[in-house]
Amino acid sequence: MPGRTSFRTFRRCFASEVVRVALPLLLIAVSISSSGLLTRVDHLVFDLGQRLNWRPVPDDVLIVAIDEDSLDLLGRWPWSRDRHARLLRTLCASDPAVVAIDIAFSEKSDEPFADAALADAIAACGRVVLPLVIESTRVGGQLLETPPIQPLAAVAAGIGRIGVRLDEDGIARSVDLREGVGTAAWPLLAEETLRLAGRLPATSAGKAGSGAAGTAAASHLLVREEMRRFEFVGPPGSVPRVSYAQVLVGNMPPEMFAGKIVLVGATAVGLGDFLPTPVSALSQPMPGVEVQANVLLSMRDGRLISALPTLSTLLLAALLAVVPLLWLPRLMPLAGLLASSLWVLAVGTACALLPGLLQRWFPPAGVLLAGLFAFPLWSWRRLEAARRHLDQELRQLRASLPQREVAVASPAEIRRLGFEQRIAWVQAAQRTMRALEAQRNEALAFISHDLRAPLAGVLSQLESGDACDQARLLPALRRALGMAQSFLWLARAEALDRKAMEEIELTSLMHQAVDEFHSLARQRQLPLVRQLPDEPVWIDGDFESLQRSVANLVHNALHHAPRGTAVTIGLDCAGDGDVELWVRNAGPALPADLVARLFKRFSRGERGASASSGTGLGLYYVRAVAEGHGGQAGVECSDGAIRFWVRLPGADRGEPERVP
Amino acid sequence: MKIAYLEDDTELAATVCDWLRQAGHEVDLFTSGVACAQAVVSRRFDACLIDWLVPDLSGTEVLARLQIKLRQAMPPVIFTTGRDSEEDVVAVLNAGADDYIVKPLSRPLLLARLQAVTRRQQGVAGASLVQDFGRLTVDHGRRQLALDDQLIVLTERETDLALYLFQNIGRALSRKRLIQVVWSLTPDVDTRTVDVHVSILRRKLGLTPEFGWRLISIYGHGYRLDREKDSV
Chain A
1 MPGRTSFRTF RRCFASEVVR VALPLLLIAV SISSSGLLTR VDHLVFDLGQ RLNWRPVPDD
61 VLIVAIDEDS LDLLGRWPWS RDRHARLLRT LCASDPAVVA IDIAFSEKSD EPFADAALAD
121 AIAACGRVVL PLVIESTRVG GQLLETPPIQ PLAAVAAGIG RIGVRLDEDG IARSVDLREG
181 VGTAAWPLLA EETLRLAGRL PATSAGKAGS GAAGTAAASH LLVREEMRRF EFVGPPGSVP
241 RVSYAQVLVG NMPPEMFAGK IVLVGATAVG LGDFLPTPVS ALSQPMPGVE VQANVLLSMR
301 DGRLISALPT LSTLLLAALL AVVPLLWLPR LMPLAGLLAS SLWVLAVGTA CALLPGLLQR
361 WFPPAGVLLA GLFAFPLWSW RRLEAARRHL DQELRQLRAS LPQREVAVAS PAEIRRLGFE
421 QRIAWVQAAQ RTMRALEAQR NEALAFISHD LRAPLAGVLS QLESGDACDQ ARLLPALRRA
481 LGMAQSFLWL ARAEALDRKA MEEIELTSLM HQAVDEFHSL ARQRQLPLVR QLPDEPVWID
541 GDFESLQRSV ANLVHNALHH APRGTAVTIG LDCAGDGDVE LWVRNAGPAL PADLVARLFK
601 RFSRGERGAS ASSGTGLGLY YVRAVAEGHG GQAGVECSDG AIRFWVRLPG ADRGEPERVP
Chain B
1 MKIAYLEDDT ELAATVCDWL RQAGHEVDLF TSGVACAQAV VSRRFDACLI DWLVPDLSGT
61 EVLARLQIKL RQAMPPVIFT TGRDSEEDVV AVLNAGADDY IVKPLSRPLL LARLQAVTRR
121 QQGVAGASLV QDFGRLTVDH GRRQLALDDQ LIVLTERETD LALYLFQNIG RALSRKRLIQ
181 VVWSLTPDVD TRTVDVHVSI LRRKLGLTPE FGWRLISIYG HGYRLDREKD SV
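Sequence lines, in order, name chains A and B. In terms of the UniProt record's numbering, the first sequence is residues 1 to 660. In terms of the UniProt record's numbering, the second sequence is residues 1 to 232.
Next comes chain A alone, as it looks inside the complex:
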């Protein structure tokens, strides 16, 4: 069942094509995902998702901002800790849930009484969380945990880290739930605050203890655990703020802070505590205290985003990378392009929305790149297949055409051709087709006229019923047979294949052709003179057609030579290995227009018009055979002689060894 077999073959080829495209796609997706080469693309998608995902402004979190107004009113920074103590007392009087202070008190101030006042205020409030900073020393880069000074730390309800992770592009997107030098011991300020306020979700609280179990092996190294991305409720300024100075002078209604989480920190540009975030343009970075507020909000709402584990990420990337192959083989190019573009968009959008919806993060750069490459790769394979098919067709076309001057090319040969050359080949094939068409028409015309005429003549004579004369019928019949025969020979000559030619000996071939005309020559009293070399001459050729060519030339000469003159047959070997065989007879020079027509198909000038001579195919046959051998045929007239010649390329082999 050839149909089913070819279908199976097709399926197999097709499957291998899919695999061939799938492998590079997998490679792209996995390598990009694992190497992090395109992390910036990942960030871009993530940031886009953040901007699409605004949440309502929280009403239970408030920032007491050390802003420009406060600096104007209260003088330049740093302020006396006495002032902070007063603020705390004011705040705590209105019963907030927790007060978290984003101001590092890591060194004693110049006023010991102020430090004591602040410690008193913190102790009195009982709900104050103080920050801890992990920083590297100026010299040597050794990491140090710097908690608040001892009197303050002792009375604080909690101490939490205010560190935020900055990504490669310097933007804050994530925090580490646990971090510390030697062991990841310190929770975040946000976590401590929430714990104190009793608003920490159960899931995060459960994990909180686990961090302490970190190894103490590398005691001087920074240990970070449980990295999470956090969400932003909005652009900078989204979290409600009140001015420090206004609170201090008591301009705020006391119930404003009741039951709320209050964060105290700097928002004035001059104080420099700013971080670039996904939601802030470069001109408007977010104050550190608001970043802390955002972390706190994400944690409170259970919206901290965890990245997929590495293995899952790679598997998912690999899986998604080959998804385009589900539709590419089935769609036409335009639809495939559209589908692939849509796929890339969809993956990008899905990955951007994923953190907001499921609190999961999958870096999509590898999949996106693979998605972008899927269409070109598949199109490339498709073009390759098309090219192979066309090459094959081209080869078959050339093989089926009788273009003897150009041998049928091998697939490798075609592969080396340029695009224009291939087009030229096709055009050449088309030309040959047209030439064949013309030849066919000529042949039809020839058969319908020349071949029919003598036969019809004989038939009408026979049908007339009279006793007919055999001698009158025979020449017409012979002529018709001769024409049919020469037509057949010609068809064979036009299909000569140089590759199939064998070595033949030319002098005996010519002797033999001349021998055939011995009696005719004697009858016409035209001596046949042979100027043939004594030594054999070998060429690669087709014996039959060459012999017939020589016979045609001799026949021609015998018909046109004036009575009593000699017809000379010769064979010359040129220096370059070519051989020239020729037939010469006496006669007037031929007119130029006749010479031009002589070697054409079915040409029958005045020269061929005489009764019995030919079909008009004789000289065309000679030319066809010569060209089939890679040679030429021609005629020249000089000194009252007409000389027809055929030039053939010689055999490339040397002389044989003489054998005794």
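If you are wondering where the hints come from, they were derived from the structure by calculation, not from laboratory data. Honestly, I wouldn't trust all of these hints.
Only part of the chain B face toward chain A is listed, based on derived beta-carbon distances under 10 angstroms [said to hold, decoys possible]:
#1 Thr159
#2 Val198
#3 Leu207
For each label pair, taking beta carbons as the anchor points, the in silico distance ranges come out as [unchecked claim]:
#4 B:Ser184 <-> A:Arg387: 52 to 62 angstroms
#5 A:Leu488 <-> B:Asp56: 21 to 31 angstroms
#6 A:Asp497 <-> B:Asp9: 30 to 40 angstroms
#7 A:Arg522 <-> B:Asp9: 34 to 44 angstroms
No experiment lies behind these values; they were computed from the predicted model shown. Note that beta-carbon positions come from the ideal geometry of N, C-alpha and C, so glycine has one too.
Assemble the complex: chain A is given as a structure, and chain B must be docked to it using the hints.
Below, chain B without anything else, positioned relative to chain A:
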């Protein structure tokens, strides 16, 4: 002479049978290749005339059967073929046929070929040790050739080749066969060597129609020495 004739064209077969009977031969006509092969194997024939294309077995298949069954005792075989292209003729000769005739058949040619192939069957050496062709005399006993009573100087191989050609006038001799017979003691003879020697003989012995001879190259695969009919 008893001839087995294989031909499926009945009209042509009738004509050819008439010619052969008039020439004094006995003819058994077969229209099937199988029947012909069986008959030739079981009965004795002096020569076979086989058509290339018959319905059941091709002529070459008949030939192959005969060769397997009869081996050395095989009668000479002449093929008649409507296809005169070189490869057909060469294929026939390579398959082991003694000669071929291209259709349309001509009576004198057919009879001459039959005579030529059967002559060897009867033995040449016994017939005559000296052949006299007018100007040319061939003495097989002394291994000498003379033109116009002048001895022609030939090398050993040239003499061998000439004597073999004159023993087989009218028969097709492939180059392979010539090499086997004439150069039997010389290994690895180039087919060109045959051409060289034939070319020399043509010149030295004047084997041209002017002298009553035709030395024919059969599509470059072999040679045939013929008498020119109208010269004598």
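Legend entry - Supplied distance hint 34 to 44 angstroms, evaluated on CB atoms of arginine 522 of chain A and aspartate 9 of chain B: holds, 36 angstroms
Legend entry - Per-residue hint verdict: leucine 207 of chain B, partner chain A, C-beta under 10 angstroms: Nearest chain A Cβ about 9 angstroms off; hint holds.
Inset, instruction - For aspartate 497 of chain A and aspartate 9 of chain B, compare the CB-CB distance with the range 30 to 40 angstroms and indicate the outcome. - result: holds, 32 angstroms
Inset, instruction - Would you check whether valine 198 of chain B satisfies its interface hint, that is, whether its CB is within less than 10 angstroms of any CB in chain A? - result: holds, 6 angstroms
Legend entry - leucine 488 of chain A versus aspartate 56 of chain B beta-carbon gap, inside 21 to 31 angstroms or not: holds, 28 angstroms
Legend entry - Verdict for serine 184 of chain B, arginine 387 of chain A (Cβ pair) under range 52 to 62 angstroms: holds, 59 angstroms
Inset, instruction - Grab the minimum C-beta distance from threonine 159 of chain B to chain A and call the hint holds if it beats 10 angstroms, violated otherwise. - result: violated, 12 angstroms
When the structure is compared with the earlier hints, a violation turns up for hint 1 alone.
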